[in-house]
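As given, the protein sequences belong to chains A and B, one line each in that order.
At position 88 of the first sequence (counting the first as 1) the number is 88 in the numbering used here, and the numbers step up by one without a gap.
Quick note: to get the numbering used here, add 327 to the position in the second sequence (first position is 1).
Simulated from the structure, these hints should not be mistaken for lab results.
A portion of the hints provided could be inaccurate.
Said to hold, decoys possible - Sample of chain B residues with no beta-carbon within 10 Å of chain A, all distances over it, derived: (1) Leu341; (2) Gly618; (3) Ala626.
Said to hold, decoys possible - What the simulated footprint calls covered on chain B by chain A, stretch by stretch (three residues with Cβ under 8 Å from a Cβ of chain A suffice, anywhere in the stretch; the number is not a length): (4) 356-369; (5) 457-466; (6) 479-490; (7) 534-541; (8) 595-602.
Model, not experiment: these values are computed from the prediction.
The beta carbon of each residue, even a glycine, is placed where N, CA and C say it ideally should be.
So the chains spell out like this:
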Amino acid sequence: MKELLKQKEISILAIILLIGAVLSFVSPVFLTVGNFLDIIEGNVVLGILAIGMTLIIITSDIDVSVAAVTTAVAVSIGYLFTYLPDSWISVLLLFLIAPVIGLVMGLVNGLLVSIIEIPAIVVTLGTLNIIAGIVLYITNGNYINSTSFPTSFMEFANYELLGIPILIYLLAIVAIGTWYILKHTLIGRSVLAIGGNTQSSVRVGIDYKKVKLFVFAYMGVLAGIAAIAQTAYTKAVDPNGMLGLELTVIAAVVLGGANIHGGRGSVHGTLLGVLLLAIMQNGMILARIDTYWQNVVTGAIIVIAVSYDHISYKRSQDKLAKIEVEA
Amino acid sequence: MKLSKESILGLIALGTFLLLALIAPGFLSSNNITSMMFQLPEFGLIALAMMVVIVTGGIDLSITYIAALSGVGAALMLTNGYGILPAIIVAIFFALACGAFNGFVISKIGVSPILVTLGTMVLFEGIILAITKGNSISGFSDGYSLIGNGYYLGLVPLSIVIFVLFAIITAILLSKTSWGRSVYMYGSNETATLFSGVKNSRVLMKVYLYASLLAAISAIIMTSRYNSVKVDLGSSYLLQSVAAAVLGGTNIHGGYGKVIGTVYAVMIFQFIRNGLNLLGFHSSLVDVVIGAILILVLAMNFFSDKFKKVAETRKAEKAA
Numbered sequence: 001m002k003e004l005l006k007q008k009e010i011s012i013l014a015i016i017l018l019i020g021a022v023l024s025f026v027s028p029v030f031l032t033v034g035n036f037l038d039i040i041e042g043n044v045v046l047g048i049l050a051i052g053m054t055l056i057i058i059t060s061d062i063d064v065s066v067a068a069v070t071t072a073v074a075v076s077i078g079y080l081f082t083y084l085p086d087s088w089i090s091v092l093l094l095f096l097i098a099p100v101i102g103l104v105m106g107l108v109n110g111l112l113v114s115i116i117e118i119p120a121i122v123v124t125l126g127t128l129n130i131i132a133g134i135v136l137y138i139t140n141g142n143y144i145n146s147t148s149f150p151t152s153f154m155e156f157a158n159y160e161l162l163g164i165p166i167l168i169y170l171l172a173i174v175a176i177g178t179w180y181i182l183k184h185t186l187i188g189r190s191v192l193a194i195g196g197n198t199q200s201s202v203r204v205g206i207d208y209k210k211v212k213l214f215v216f217a218y219m220g221v222l223a224g225i226a227a228i229a230q231t232a233y234t235k236a237v238d239p240n241g242m243l244g245l246e247l248t249v250i251a252a253v254v255l256g257g258a259n260i261h262g263g264r265g266s267v268h269g270t271l272l273g274v275l276l277l278a279i280m281q282n283g284m285i286l287a288r289i290d291t292y293w294q295n296v297v298t299g300a301i302i303v304i305a306v307s308y309d310h311i312s313y314k315r316s317q318d319k320l321a322k323i324e325v326e327a
Numbered sequence: 328m329k330l331s332k333e334s335i336l337g338l339i340a341l342g343t344f345l346l347l348a349l350i351a352p353g354f355l356s357s358n359n360i361t362s363m364m365f366q367l368p369e370f371g372l373i374a375l376a377m378m379v380v381i382v383t384g385g386i387d388l389s390i391t392y393i394a395a396l397s398g399v400g401a402a403l404m405l406t407n408g409y410g411i412l413p414a415i416i417v418a419i420f421f422a423l424a425c426g427a428f429n430g431f432v433i434s435k436i437g438v439s440p441i442l443v444t445l446g447t448m449v450l451f452e453g454i455i456l457a458i459t460k461g462n463s464i465s466g467f468s469d470g471y472s473l474i475g476n477g478y479y480l481g482l483v484p485l486s487i488v489i490f491v492l493f494a495i496i497t498a499i500l501l502s503k504t505s506w507g508r509s510v511y512m513y514g515s516n517e518t519a520t521l522f523s524g525v526k527n528s529r530v531l532m533k534v535y536l537y538a539s540l541l542a543a544i545s546a547i548i549m550t551s552r553y554n555s556v557k558v559d560l561g562s563s564y565l566l567q568s569v570a571a572a573v574l575g576g577t578n579i580h581g582g583y584g585k586v587i588g589t590v591y592a593v594m595i596f597q598f599i600r601n602g603l604n605l606l607g608f609h610s611s612l613v614d615v616v617i618g619a620i621l622i623l624v625l626a627m628n629f630f631s632d633k634f635k636k637v638a639e640t641r642k643a644e645k646a647a
């Protein structure tokens, strides 16, 4: 039990429950199944991207191009719709094509980071500029609305299984898949090892470049899936719709307990981080807080959360040092 | 002959200038040169601020919102009938307050800069929104608009004079004062710096204060030039300023970075932006070119380093 309480994820869960308890008093709508499904469905894209970002942050890197990559894939999907026949096969085909487009862009990032050894923040800053620029040039900033979408895709987007929207299943599949990779595969364990201690992990024979390439490629694939989710959720392709989302994604991952210096992070933690941001957003609307003040609250909570986390981390480190001295 | 990183960048800047002068019609006209001089300072100051922070191994994602908030401060004073000087003082005060907050959380609590400034970025944006309700504040006095639009001695834009002045001040502070040396030391090895008797937290605090001061100066120039202020004042400069600092040779992990390199990088960006515009390129393609240059230059650094290493080992083998 003590072990469990020490886990970072538990403290995030506690914050979420606290906010949830307050909100359920403030608004009777908050604690309804419908509201919860809305909250989750509205944050599927953020969730998928944050899961991919978790792997990158665990290896102590960062990817600021995610929103641009997702937008690029979404725009490609929008153009593809005019060529695809109107049947279920197109939707399946989409799930093959979109991740591949994302994968290619992720591989470019990954190759530049692992082979050319440019710091990830600089590489992704560069690709962010390049991809976003090309997308704006091609689309001219105009968005593609659902009239050109095949009806089969619209059916997919509105599909509900057992009363739960299909997109939530998509997020669940991505989350479970990634959790499995991190926990039970060689490459997943290598990701954690590299983040924990790069030098030692290289010495035990982990291929550093391969792991770096993998995390960025995986991020690309997830960006492709997120693009489908975004298109299905908004029923439109907006080239400017995800401007600045990359920073929200990073915030969610960090709130979820991943260490920006690497080595620490988990899929369920990240999901809790996403949930925290989502509930705050939803709660502030339900509590009728002035829209203009919402960012103040969100920003303050992020600063407080990361500070609190760091202070408790420092305390635990201090304790560790003491034990060593006494022994 | 061995050229430093910065001199090579200077040559690249000169090369871009000459190339664009040849192919872009009207690039060399006095009108165009002046307009470039009017556009450069606001971005240049933000890039310098970002550079100083990056030298310590950090990053300041809130810098453009600090600038916007300080612009709002100046605008509130001006529209309420105060003079120019009080407005400037309030602008600087607002920025320093933001910088002090960042500095406090980063240096005293010790949270990593990217996380703190990610949070304060949202926080400051929220404060601006709460003050302005998302509207823009505009209509300043003529005297104030001279800062961004006026000429010094009737020849050079006043704003570029301010920029050069602050670039020189930054260079002197970084290379000639003990604070500046500690900034580089902290950037290359935090622990060693602490053990050699430097008060790390004080050095860091000053870094974030100085960066926010530069942001305030940039904000004053921007508000004066546009004659209005909104929540997104200068926000497009955020990632660009990181790009400029890095292109200027600043090590993203800290410990190295020179003012002149960043100035050259800012100039290259300005030339390209302006030149491609004159050539009739779509404005979004400028971003593509800047992104490509950023990656190319760093890839070239990597290959030249590798080439040097290969050459050195060969030499060593021959000697053996």
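Verification of the supplied hints:
1. Under the 10 Å C-beta cut-off, the non-interface status given to B/Leu341 relative to chain A holds; the minimum distance is some 23 Å.
2. At the 10 Å boundary, the C-beta of B/Gly618 falls inside the reach of chain A, the nearest C-beta of that chain being 3 Å off.
3. With 10 Å as the threshold on Cβ separation, the claim that B/Ala626 sits away from chain A is violated: the shortest Cβ distance comes to roughly 5 Å.
4. Figure legend: the region 356-369 of chain B, annotated as covered by chain A; annotation inconsistent (0 residues with Cβ-Cβ distances under 8 Å, at least 3 required).
5. A stretch counts as covered by a chain when three or more of its residues have a beta carbon under 8 Å from one of that chain; for the region 457-466 of chain B and chain A the count is 3, and the coverage holds.
6. Interface restraint, the region 479-490 of chain B with chain A: violated (0 residues with C-beta to C-beta distance below 8 Å; minimum three).
7. Requiring three or more residues with a Cβ within less than 8 Å of a Cβ of chain A, the coverage given for the region 534-541 of chain B is violated, as only 0 such residues are present.
8. Evaluation of the coverage hint for the region 595-602 of chain B: breached, as 0 residues show C-beta separations to chain A shorter than 8 Å, against a requirement of three.
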